[in-house]
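Engineer: Chains A and B are the protein sequences, given in the same order. Sequential numbering of the first sequence, starting at 7, is according to my numbering. Sequential numbering of the second sequence, starting at 7, is according to my numbering.
To be clear, the hints were calculated from the coordinates, so they are not data collected in a lab. Values in this document were obtained by computation on a predicted structure and should not be read as measured data. Glycine included, every Cβ here is placed at the ideal spot set by N, Cα and C. Among these hints, one or two may not hold up.
Restraint ranges, calculated between C-beta atoms of paired labels, are given here [claimed, not checked]:
#1 B:36 / A:36: 45 to 51 Å
#2 A:171 / B:334: 46 to 52 Å
#3 B:183 / A:404: 48 to 54 Å
Derived list of chain B stretches under chain A, where covered just means 3 residues or more per stretch with a C-beta under 8 Å from a C-beta of chain A [unchecked claim]:
#4 132-141
#5 268-274
Number of protein chains: 2
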Amino acid sequence: MKTYPSRRSSINIGIIGLGTVGLAVARNLKAVAGIRIKKGCDIRNIRFPFPVSRNPYDVINDPAISIVVEAIGGVNPAKKLVLAALKNGKHVVTSNKELIALHMSELLAAAKKSGVRLLFEGAVGGGIPILNTLRDELSGNRIDEVYGIVNGTTNYILSKMTAEGMEFSEALKKAKEKGFAEANPKSDIEGYDASYKAAIMASVAFGARVKWQDVYREGIEKIASEDIAYAADIGYVVKLMAIAKLAGGRLDVRVHPALVAKTHPLANVSENFNAIYVKGFPVGELMFYGPGAGGNPTSSAVINDILAIANAECLMPNAELRNYKIRKIDEIESRYYIRLQVPDRYGVLAGISKAFASKKVSVAAVTQKETVGNLATIIILLHGIKEKSLKSALSSIRKLPVVHRICNVIRIM
Amino acid sequence: MKTYPSRRSSINIGIIGLGTVGLAVARNLKAVAGIRIKKGCDIRNIRFPFPVSRNPYDVINDPAISIVVEAIGGVNPAKKLVLAALKNGKHVVTSNKELIALHMSELLAAAKKSGVRLLFEGAVGGGIPILNTLRDELSGNRIDEVYGIVNGTTNYILSKMTAEGMEFSEALKKAKEKGFAEANPKSDIEGYDASYKAAIMASVAFGARVKWQDVYREGIEKIASEDIAYAADIGYVVKLMAIAKLAGGRLDVRVHPALVAKTHPLANVSENFNAIYVKGFPVGELMFYGPGAGGNPTSSAVINDILAIANAECLMPNAELRNYKIRKIDEIESRYYIRLQVPDRYGVLAGISKAFASKKVSVAAVTQKETVGNLATIIILLHGIKEKSLKSALSSIRKLPVVHRICNVIRIM
Numbered sequence: 007m008k009t010y011p012s013r014r015s016s017i018n019i020g021i022i023g024l025g026t027v028g029l030a031v032a033r034n035l036k037a038v039a040g041i042r043i044k045k046g047c048d049i050r051n052i053r054f055p056f057p058v059s060r061n062p063y064d065v066i067n068d069p070a071i072s073i074v075v076e077a078i079g080g081v082n083p084a085k086k087l088v089l090a091a092l093k094n095g096k097h098v099v100t101s102n103k104e105l106i107a108l109h110m111s112e113l114l115a116a117a118k119k120s121g122v123r124l125l126f127e128g129a130v131g132g133g134i135p136i137l138n139t140l141r142d143e144l145s146g147n148r149i150d151e152v153y154g155i156v157n158g159t160t161n162y163i164l165s166k167m168t169a170e171g172m173e174f175s176e177a178l179k180k181a182k183e184k185g186f187a188e189a190n191p192k193s194d195i196e197g198y199d200a201s202y203k204a205a206i207m208a209s210v211a212f213g214a215r216v217k218w219q220d221v222y223r224e225g226i227e228k229i230a231s232e233d234i235a236y237a238a239d240i241g242y243v244v245k246l247m248a249i250a251k252l253a254g255g256r257l258d259v260r261v262h263p264a265l266v267a268k269t270h271p272l273a274n275v276s277e278n279f280n281a282i283y284v285k286g287f288p289v290g291e292l293m294f295y296g297p298g299a300g301g302n303p304t305s306s307a308v309i310n311d312i313l314a315i316a317n318a319e320c321l322m323p324n325a326e327l328r329n330y331k332i333r334k335i336d337e338i339e340s341r342y343y344i345r346l347q348v349p350d351r352y353g354v355l356a357g358i359s360k361a362f363a364s365k366k367v368s369v370a371a372v373t374q375k376e377t378v379g380n381l382a383t384i385i386i387l388l389h390g391i392k393e394k395s396l397k398s399a400l401s402s403i404r405k406l407p408v409v410h411r412i413c414n415v416i417r418i419m
Numbered sequence: 007m008k009t010y011p012s013r014r015s016s017i018n019i020g021i022i023g024l025g026t027v028g029l030a031v032a033r034n035l036k037a038v039a040g041i042r043i044k045k046g047c048d049i050r051n052i053r054f055p056f057p058v059s060r061n062p063y064d065v066i067n068d069p070a071i072s073i074v075v076e077a078i079g080g081v082n083p084a085k086k087l088v089l090a091a092l093k094n095g096k097h098v099v100t101s102n103k104e105l106i107a108l109h110m111s112e113l114l115a116a117a118k119k120s121g122v123r124l125l126f127e128g129a130v131g132g133g134i135p136i137l138n139t140l141r142d143e144l145s146g147n148r149i150d151e152v153y154g155i156v157n158g159t160t161n162y163i164l165s166k167m168t169a170e171g172m173e174f175s176e177a178l179k180k181a182k183e184k185g186f187a188e189a190n191p192k193s194d195i196e197g198y199d200a201s202y203k204a205a206i207m208a209s210v211a212f213g214a215r216v217k218w219q220d221v222y223r224e225g226i227e228k229i230a231s232e233d234i235a236y237a238a239d240i241g242y243v244v245k246l247m248a249i250a251k252l253a254g255g256r257l258d259v260r261v262h263p264a265l266v267a268k269t270h271p272l273a274n275v276s277e278n279f280n281a282i283y284v285k286g287f288p289v290g291e292l293m294f295y296g297p298g299a300g301g302n303p304t305s306s307a308v309i310n311d312i313l314a315i316a317n318a319e320c321l322m323p324n325a326e327l328r329n330y331k332i333r334k335i336d337e338i339e340s341r342y343y344i345r346l347q348v349p350d351r352y353g354v355l356a357g358i359s360k361a362f363a364s365k366k367v368s369v370a371a372v373t374q375k376e377t378v379g380n381l382a383t384i385i386i387l388l389h390g391i392k393e394k395s396l397k398s399a400l401s402s403i404r405k406l407p408v409v410h411r412i413c414n415v416i417r418i419m
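All chains should be built: construct the whole structure from the sequences, respecting the hints.
Structural biologist: Structure below.
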């Protein structure tokens with residue numbers, strides 16, 4: 007039931023950056039919505055079916071252009087160019103998560119000042135319409151929690167480690183070969199990319215001014231194939247989760263690996279797909295699943311933002327963001343998986359359990375795994391406790407003579 | 007980032023029907039959006055925090071009311087009341103899938119004539135914002151296919167049969183006890199409810215005028231616990247699927263049980279949850295998951311429709327629906343699972359395989375299961391063929407002296 011008001015045809019669109027996303031936007035905007043790009047900007051000498059300049063200001067200063075698509079990525083010079091476009095009274099559409107995560111407040115304020123819109127659906131979840139859905143289609147809800155798998159590279163690596171028993175380094179190599187990881191994978195592997203998206207999700211879900219620096223972040227580089235195998239034994243898979251919760255007026259925004267029950271719909275989100283869970287009232291729990299990156303999926307999000315502006319479906323000006331207190335990682339409560347090595351001898355399990363009990367930490371399950379040399383591996387699952395209490399318990403347990411090494415600690419969703 | 011224009015407060019809402027959904031709408035509209043119901047209608051003598059009449063026309067004819075929520079369900083008298091409200095210039099919001107599936111064209115025409123809106127997000131997928139997302143958030147896509155699990159009762163029954171090895175009748179009994187099946191479960195079990203939703207999804211996804219009578223329909227009453235067990239052996243679960251495809255200008259809309267690969271995100275949709283897959287270009291594949299029924303989830307959809315009207319976010323009038331040719335079930339192409347019983351003796355498998363081959367039907371896998379008495383169960387998986395060819399092959403195979411009985415045939419997604 008799509009109808010486009012005729013005013014749409016009078017809207018001229020300029021694109022800065024004609025790489026994977028920019029090119030897909032230009033191509034699909036023509037193919038699906040019948041809209042031609044007025045002017046592009048790219049530094050390469052490639053032929054396009056529309057005029058292309060090497061100077062971005064030829065787009066930004068063109069009085070005929072009313073929507074500027076920023077598709078160059080990164081903060082510099084994207085921020086300067088987006089601010090200039092907004093100041094010039096152009097609506098801006100971008101899928102640049104780093105730019106939005108680091109400078110959302112400043113950019114929204116500039117858009118508001120000029121009476122134009124800044125939309126960035128493609129910055130989280132690629133083709134999944136999660137941000138606009140949170141804002142428009144769930145407006146009758148109080149959103150309590152938004153969490154999910156928002157980085158395709160780490161999900162591909164963890165999926166390979168799970169399905170084929172690969173070690174992290176091997177799976178990373180495979181991801182690079184397949185084009186799912188970049189030559190320098192630091193931003194994905196160490197959770198930076200996911201933390202940008204977590205900050206943006208939190209901002210949109212809660213109308214909150216979230217500083218990206220306040221997002222707690224852990225990557226997947228410490229996850230060993232044993233952790234994945236042991237997690238599987240007890241019915242879990244390991245996923246890199248981006249989490250944003252609002253409880254008691256405090257925001258909890260973080261990115262870290264977590265155990266997810268195999269029966270949870272998030273567990274079947276494999277390879278480079280993304281999925282985002284939303285908990286709200288009165289709706290309950292929703293999940294949105296789809297391709298998290300790539301030219302075509304991201305172009306779907308960008309094109310929809312363009313059409314939303316062209317159709318003036320969104321009458322609301324960019325809303326004010328509010329300040330919330332941030333919950334420190336020590337204050338969060340979670341269940342935990344702990345893998346440790348102990349000498350394989352009588353009474354060790356009892357000693358460890360006692361040590362946890364003395365710290366008032368409640369153990370849900372203990373399993374002894376294989377012994378290598380004279381070292382046995384023990385998997386401990388803890389009931390929900392505050393991270394602060396966990397850390398204090400772990401520091402006394404680490405000192406126990408019967409504990410050889412605490413190999414890994416992973417939160418359980 | 008929700009802001010409500012001030013005009014919202016001047017909009018008065020009336021509700022006809024104060025059962026589970028109507029009451030949840032009234033309660034949550036106040037709690038979440040701060041909006042009070044102006045007038046309600048219900049035939050019971052219960053106290054409500056707003057005036058309630060026994061006569062629906064007290065709501066429909068109230069000049070102060072601009073949005074009427076229909077929450078009585080069924081076609082009579084809902085259709086008459088909705089038409090009267092639309093004619094009176096009231097916007098109408100409903101979650102009545104039967105009403106919308108059977109009379110969408112007529113009702114949309116009446117809304118258009120009066121210059122008002124008819125919204126029905128709650129009619130499909132309960133709290134999942136699938137219809138508005140298809141219409142608004144994916145407007146930059148060509149939608150090719152929409153399919154999923156849209157009936158909670160049958161999904162609960164199939165989940166129980168899968169998880170606990172129950173027979174259909176036992177699982178149905180359990181569903182009734184739990185309140186997940188009605189006393190007369192015919193509409194759910196035989197696929198009527200899902201076929202209403204399939205017709206609505208197809209209409210919205212493709213802007214198509216879909217007659218509900220054209221939706222092919224099979225229920226789950228023939229699914230045996232053996233089918234579920236054998237499907238599990240080969241990596242599948244059985245789900246009741248609602249499917250709407252547009253290919254080559256022809257619509258294919260149907261409801262039937264199907265085998266879904268365990269690794270598919272739909273496989274983990276259990277109990278009374280719903281999930282809808284969308285395939286489009288350029289976005290690729292998306293899935294939307296959530297609670298498929300219930301007062302609170304459905305009220306989320308109804309309230310969002312109310313706010314969409316109140317906020318005038320949707321400037322578009324109700325769009326025109328188009329006519330498409332409907333693809334008959336004989337013309338669809340699918341993979342198939344076939345369970346049959348044969349005498350347990352030499353050469354039987356070869357004979358059956360040859361019979362399929364002579365009909366140019368390609369067998370993907372054959373497995374012989376346990377023998378009871380002198381009858382062996384054989385599971386056959388076929389590669390993709392037209393349903394017409396399958397039927398013709400089955401009718402010759404049924405006549406083979408070595409075939410005791412064809413127990414079941416289920417399509418594979």
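Engineer: For each hint, tell me whether it holds in the structure or not.
Structural biologist: Results for each hint:
1. For the pair residue 36 of chain B and residue 36 of chain A, the beta carbons lie near 47 Å from each other, so the given range of 45 to 51 Å is met.
2. Against the hinted window of 46 to 52 Å, the Cβ-Cβ separation of residue 171 of chain A and residue 334 of chain B comes to about 47 Å, which satisfies the hint.
3. For residue 183 of chain B and residue 404 of chain A, the Cβ-Cβ distance of about 50 Å falls inside the hinted range of 48 to 54 Å, so the restraint holds.
4. Only residues whose C-beta sits within less than 8 Å of a C-beta in chain A count toward coverage, and the region 132-141 of chain B has 6 of them, enough to reach three; the restraint holds.
5. Remark: the region 268-274 of chain B is confirmed as covered by chain A, as 5 of its residues place a Cβ nearer than 8 Å to a Cβ of that chain, reaching the required three.
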